[in-house]
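Asks: Take a look at the letters that make up each chain.
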Amino acid sequence: MTLATLALLASLAIADTTQPALPPPRPEDPGRQVITRAEIEAAGLYRLPDLYRLMDGARTFAVDGFTWRADFGHGDPFGAEAWTLLVDGERVEFGLFGEQNLSLVPVAITQVDSVEVWTEPRLVAGTLAHGGVIHIHTAQASQGTAARGGVAIGNEIGDPGPFRYVPELFSRNVDKFGADYDALVSHSGAQSRIQARFKLLRFYATDFASFERNREALGANPALRLFAPALRVEADALGGRHALNVLGGGANDLWFFQPFGREIPVRRVWGQVGLHGRVPVSPHMKFGYRVAAAENQLSEWEGAALRLDPDWTTRTLRAGIDLNHRIESQIAGLGVEVQHTTANQAEGFTLGTLTGHVARTTSRYRYGAEGALAITDDAQAVSLVLHGRRTWDGWTVSARAARTQQLPEQAERFGFWLRRGYRQFARDIGRLLRRNGFEQREAPVTSMQYRASLDATGQLVPGLVLDAGFSVRRADDAYAERQGRAPDPGPGLSYIAEPTFLDAAGKSTTATGRLAIRGTHGRWRGRLFYDGLRVLGGNLDREWEAVPRHRAGATVTLMPDPGFTLGGTLVYRSASRWLAYEPLGFGNDFLYDGELPAAWLLDASLEKWLWQRRLRMSLLFRNLLNHEERYHPIGAALDLRFYLRVELNL
Amino acid sequence: MLRGLCLLLLCAPAAAQPFETLEIGLSGAGTFAGAPFADFWDPGPGGEASVEMPFYLGQIRVGGMVSWHGAVAEFDEAVPDFIAFYTFAGWGVGTALPGGVRIAPGVRVGILNMRFDTDDPAAVRSEAELTAGFDLRASVPVAAGWRLTAGGSVVRMFTAEQIDFRFVQVGVSRTFRTPDWLREFLR
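In order, the protein sequences belong to chains C and E.
Residue 650 is where the first sequence ends in this note's numbering, and the numbering goes up by one at each step.
Residue 1187 is where the second sequence ends in this note's numbering, and the numbering goes up by one at each step.
I should point out that these hints are in silico values taken from the structure, not numbers from a laboratory.
Incorrect hints may have been included.
[Claimed, not checked] Beta-carbon label-pair distances, calculated as ranges: (1) C:Ala179 / E:Asp1081: 24 to 32 Å; (2) E:Ala1123 / C:Val646: 18 to 26 Å; (3) E:Pro1121 / C:Ala179: 14 to 22 Å.
Cβ coordinates follow ideal geometry from the N, Cα and C atoms, glycine included.
The following block holds chain C by itself, in its conformation from the complex:
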């Protein structure tokens, strides 16, 4: 390992000389993080969930190294993604029992133009986003027609190589990524824009930790395949802009289902058609509208040995309007939205949401309030966010205080649908739950969160910028899936040895802090960062143990030429414990416990543009130090791996 590490470090250590056109530091609202395409390219990101690596405060886990889950310190640790996802302004309804799998979104990493991230609640696209917002903007030709397409592959070290033919030195092949394909075609005219895109991903989950388990469930070697297409049409009419988004995705997936504590083979299909727009109705007033229809299906992976047919389909229809009024520095708006969701095996619901906001902006201040009232047949939830921002002498400080209530209908967790009649996994469930089951002590109820945050950004000295943030959050009556004690070691499909509690009385108080210093010097760009998490109280201590408390690191980017970039990232992630898995064994000759070690992870990337920026090649090495990189007790250990991408831009 030393040889490779030294070789690559030496190749990164090229001396500085002159200018470069590095992307500028992010201009901003301190509570908003903007990830630019240049940053994505410099980091050599391979797939969409890799974006989490660039998001401040994101803590991630993956069982297979393909599907990544993220937590930003919200009330239900690693239980569900609380944030709201937007793609080109369209709110995307692709969650499954609260889980949002970024891999399934029909955007390839090369199709991303920028990403905005807010980790605090805010009003967006007709709803109050309780857990913040991730907004992905895709690339669009500025004028005329543009196309881009790419192919990418990746591989982890540790294959048998020639020793596959030598019994005493034989080992199994390890994880292989791709070949992945993606393409995007866009056309921009004077009054309209159109874009079509797709991505096709493949993944071979062969890690020792999961291979036997999943092969037994599948009856074949585990190989995942995901296809996700999208179409976007945008037109200027009636003095405003209107966008139609058609999004979809389908995958054969080894879905890690938290209440079972393991993967189950499923087929996932989702699709959404949405139309939104905004037109002026007077010099000071704009009218906005949005309608969407979405369908989510979860079904059996055809041919799988473990026949767990979830037979689950939800359909959502949503329509909303809003009016926004602006006079000089004052902005005010009101909106209303109605959502109707039906399910094939459970009682549906209708949810109405009223939203409103006021704000005032001056050259130094911005302050205001946002509120939402969510109503169902038998419950209401009121949320209020106060925010203020002040700018002076190159510094910006923002503060937010929020009291948010979330109805179970807004979270759509597993326990919620069980209560409404979901019969769950019709076949073979007895094989998986021989000695356990679900125990739902009470129905999910309206959860409450109180949050306060303070963020600041400013220039320390020319070329050096400080970003800092601090947030305290208290959650009451949060829904949480609390797994019982460890499974028994044993063959095959036996699993969690005690019931999984679907608990609606989760309480937690957490504090998170972040500090980053970033700067540019000539052709160098660098960033030092630290994210910390502290659990101050509540009854979810066991669950919070699974979330690493500390994350720190440094990134360095060197751009010797506008067409050539070298990048390096060193990240420290503290240890964590998944108590429900401690100790356990899975009948696959590998025994793990719930302890995940701390890790130092070194990545290096190289990017070269050719043919006057028409052709791009990137090479990414992850975990160059080859430390034990594991994110889940029953998950894969991600050894040193490399990814190669070739992208054509026309």
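Position chain E against the provided structure of chain C, taking the given hints into account.
Replies: For chain E alone, kept in the frame of chain C given last:
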């Protein structure tokens, strides 16, 4: 030695304009490996083709080598022969010495693709593995634009049971001015 090599890489003088010249090399190559690999296979001679160009600093070099690895007699029936296609990209910094001699230490990464001589299905008849290591090349001018080259590489293949290869190359190279169209393409 490693420290010296790194120092040489980092302290070397600046190179010419990126992609200004193109040095095409052809070499005979020998492969050496230790146990346990050498207990089962006997690497045969091979050939290497490479292209070297000035980079933003130093030179980059991309190339490929092909060589035959026959099973040693003792295991002739047990393990298959294989042909190895080794593609690599390297970076190094050349230092000029008296008499036109040039010495260039460098680093390289590559993929070693092994195609086994078996009746297995095509999909499983080959393995491709990541390699990384160091190399050292020396060359002397022998005629206008022509150089005699010699070099050696130490490369580790990151299989579960890691394999260290040593490659030795001797050959000739010819330097051209890079055609404008190619220089434009590379920039």
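Asks: Hints first: check each against the structure and report whether it holds.
Replies: Hint check results:
1. C:Ala179 / E:Asp1081: 24 to 32 Å: 28 Å, holds
2. E:Ala1123 / C:Val646: 18 to 26 Å: Once the Cβ atoms are compared, 22 Å apart, the range 18 to 26 Å for Val646 (chain C) and Ala1123 (chain E) holds.
3. E:Pro1121 / C:Ala179: 14 to 22 Å: 18 Å, holds
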